[in-house]
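Just so you know, the protein sequences line up as chains A and B, in that order. Per our numbering, the first sequence starts with residue 619, numbered consecutively. Per our numbering, the second sequence starts with residue 619, numbered consecutively.
Among these hints, one or two may not hold up.
Since the list can't tell identical chains apart, any single copy or any two copies may satisfy a pair.
[As the list claims (entries may be wrong)] Within a straight-line C-alpha distance of at most 30 Å, the following computed DSS-like cross-link-like pairs (lysine-lysine) qualify: (1) Lys941 x Lys766; (2) Lys766 x Lys822; (3) Lys810 x Lys822; (4) Lys633 x Lys852; (5) Lys941 x Lys674; (6) Lys925 x Lys787; (7) Lys925 x Lys674; (8) Lys810 x Lys941; (9) Lys852 x Lys810; (10) Lys925 x Lys941; (11) Lys673 x Lys699; (12) Lys925 x Lys673; (13) Lys787 x Lys810; (14) Lys699 x Lys925; (15) Lys766 x Lys810; (16) Lys652 x Lys633; (17) Lys628 x Lys674; (18) Lys950 x Lys653; (19) Lys652 x Lys941; (20) Lys852 x Lys699; (21) Lys852 x Lys787; (22) Lys950 x Lys628; (23) Lys810 x Lys638.
These are computed hints drawn from the structure, not numbers from a lab.
Protein chains: 2
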Amino acid sequence: MATINDIAEKLGVSKSTVSKGLNNATDISEEMRKKILETAVELGYTNKRLQKKEKKLCILIENMDFETPNQFGYELILGFKQMAEPEGWVVDVVPMTMEFQRLNPYGVFMMQQGYQAAFVLGFSLLDPWMQEFRTTRFPTVLYDNYMKENPHIASVGCDSQEGFDLAVKHLMRLGHTKIGLISGPLDSYILKARYHAYINAMSKYGLEVNEDYIGLGYYVSESTRTHIPRLLEKGVTAILFSHDVRAISALTECSDRDLRIPEDLSIIGFDDLPMTAYTDPPLTTIRQDRISLGKCGYYALTCLLNKVPIGSILLRAPLIVRKSTGPVPPEKSVLKIKASESISAALGKPSAPTSKRSKSKTAK
Amino acid sequence: MATINDIAEKLGVSKSTVSKGLNNATDISEEMRKKILETAVELGYTNKRLQKKEKKLCILIENMDFETPNQFGYELILGFKQMAEPEGWVVDVVPMTMEFQRLNPYGVFMMQQGYQAAFVLGFSLLDPWMQEFRTTRFPTVLYDNYMKENPHIASVGCDSQEGFDLAVKHLMRLGHTKIGLISGPLDSYILKARYHAYINAMSKYGLEVNEDYIGLGYYVSESTRTHIPRLLEKGVTAILFSHDVRAISALTECSDRDLRIPEDLSIIGFDDLPMTAYTDPPLTTIRQDRISLGKCGYYALTCLLNKVPIGSILLRAPLIVRKSTGPVPPEKSVLKIKASESISAALGKPSAPTSKRSKSKTAK
Chain A
619 MATINDIAEK LGVSKSTVSK GLNNATDISE EMRKKILETA VELGYTNKRL
669 QKKEKKLCIL IENMDFETPN QFGYELILGF KQMAEPEGWV VDVVPMTMEF
719 QRLNPYGVFM MQQGYQAAFV LGFSLLDPWM QEFRTTRFPT VLYDNYMKEN
769 PHIASVGCDS QEGFDLAVKH LMRLGHTKIG LISGPLDSYI LKARYHAYIN
819 AMSKYGLEVN EDYIGLGYYV SESTRTHIPR LLEKGVTAIL FSHDVRAISA
869 LTECSDRDLR IPEDLSIIGF DDLPMTAYTD PPLTTIRQDR ISLGKCGYYA
919 LTCLLNKVPI GSILLRAPLI VRKSTGPVPP EKSVLKIKAS ESISAALGKP
969 SAPTSKRSKS KTAK
Chain B
619 MATINDIAEK LGVSKSTVSK GLNNATDISE EMRKKILETA VELGYTNKRL
669 QKKEKKLCIL IENMDFETPN QFGYELILGF KQMAEPEGWV VDVVPMTMEF
719 QRLNPYGVFM MQQGYQAAFV LGFSLLDPWM QEFRTTRFPT VLYDNYMKEN
769 PHIASVGCDS QEGFDLAVKH LMRLGHTKIG LISGPLDSYI LKARYHAYIN
819 AMSKYGLEVN EDYIGLGYYV SESTRTHIPR LLEKGVTAIL FSHDVRAISA
869 LTECSDRDLR IPEDLSIIGF DDLPMTAYTD PPLTTIRQDR ISLGKCGYYA
919 LTCLLNKVPI GSILLRAPLI VRKSTGPVPP EKSVLKIKAS ESISAALGKP
969 SAPTSKRSKS KTAK
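With the rest of the complex left out, here is chain A (with noise of 0.2 Å):
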């Protein structure tokens, strides 16, 4: 472990030099300070006297409202504080912005403000402070992104392929068998994830996987403008999408078309905010049980204070079906045929006779 004294002499100043700019003196130069703290994280030293005057850890976050229940990040926020405030941690929530990012290199501001270790919510692969995440001693969960081969790392999120395994195997059992996806641009870790997992879930049980199912846009209302009419037009009876928010600003979309959830399309969100239980119709999602991923980054925090080398927590993504999935539309019914066949076969089942469905084939 580093001392004062590694620092000073790394540096070629005094001990009491170094000593001020670890303690925030005022008579020392601003780049002095800024020279001392930078080489005293490059060396690894750990400022005892400061950690110890007070338990303080910090919610970094960053694309993600959290103000109001209804938005995604409170509850990320209230599940982590309900945990470490009882063991007396104090716990602040600083917004991120990528510019703060490149003033300021992260090992230097956890230091000077004397964080602990941090909890991080809502990076992209853009950020400053992901490059330096590769290499950070302070302890650090990120919440949707990961990290390789850091033991000072780990991640927690929801089992994307687990959720949207669940989504096609409900949609194919309502006979869908075109089934889109509509998402966030593939700039973040998880959007990423959520992509391939839904590539996963359609070959795993034998459905069509096409780019012409699939709309990517970083503007949620342009973005579901754009691609709703598109992927009906290639004939896509079901779309799963990246967020809540996307899927709930899809049934304004289809409401402004005449279009009828889930009659002529079925939809399904992915986080369960609260307010999906309410939209017209309620929407079928698939759960973020954001309470215990906080609680859970709080646990993985102290696996890592602890020196316990945890890489990733994964939550269960169970699927909530409310009423904006339903049968596929009765013009697509041949469709709904084969399907009911291919389920059967992908889902591992004996088919269900099919005298009567060939029956009512025939008769068209």
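On the provided structure of chain A, position chain B as indicated by the hints.
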């Protein structure tokens, strides 16, 4: 939640008979007691009185030695107890057999013994209780097994993919390109996972995936004896093993054949058993931190007991480099040159100047 009444009604017997069955009274038949317990499990009845009397957990263990520190299960159990016992739990270690599972349903066993939850070690996919785990309502944590969708089950294990990625990268840097795998049979979840992790790692780094480089077998020394000469004939210069025990048996086998480790063949194990630091040569291996795995097993159980729907916890699997891996043998140096180039490409680094190497190639 089902009551004694519900059980009595379903079986058409009196409440007092049900009560006798649940409390191990001696004045009812064994057959009736079994019926009562099975119905209690089926209806989701929880015997509150029994559970309040004593906080009891069990560790069910099969196919795994655990009596001495050098055996795999020892530290798993130790880590679990280190967390559970200070919180007032009694932890029973229960060796398990397939025969016992065939005769006693899991739920009945748990209820009869008064266990609130179980940590399950070493089960194969063929174990009868694996079927019951699909639907059980007893909180159950599986080490190195996975059960999808059941919110009462969670998994803990090490990240095999990260481990094999590190192992293959390490061998590539030493010039190896023909890397083999010797593993137990694919009748367990974890051996399947490691098999796929090996294939993925080879593909990811642009190395040839070849069935001839893989050897599977149940009996450790027999399969080592059969597969090592075969893999060497195919030009393999390094072998990954699914367990340290197999890698250690390979050290003996190679010594018998006057093959030098690592000069003639590089060997990597999996587990980091204590003895691997003292083999001749000391074994390079992928670490499973068993104390931490045991601790995470307990944490996952407490999550399930508190309705936090955890699905899986994966620990880091770092590579511990010792002396059983070395540069590719000189007679394979052509391969080595090619490898160096493809390593740079695969690992995403600019290729080192090749002039010196080309010269030595020409000189041959």
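Next on the checklist: Need the list of violated hint numbers for this structure, in ascending order.
Outcome noted: 4, 5, 18, 19, 20, 22, 23
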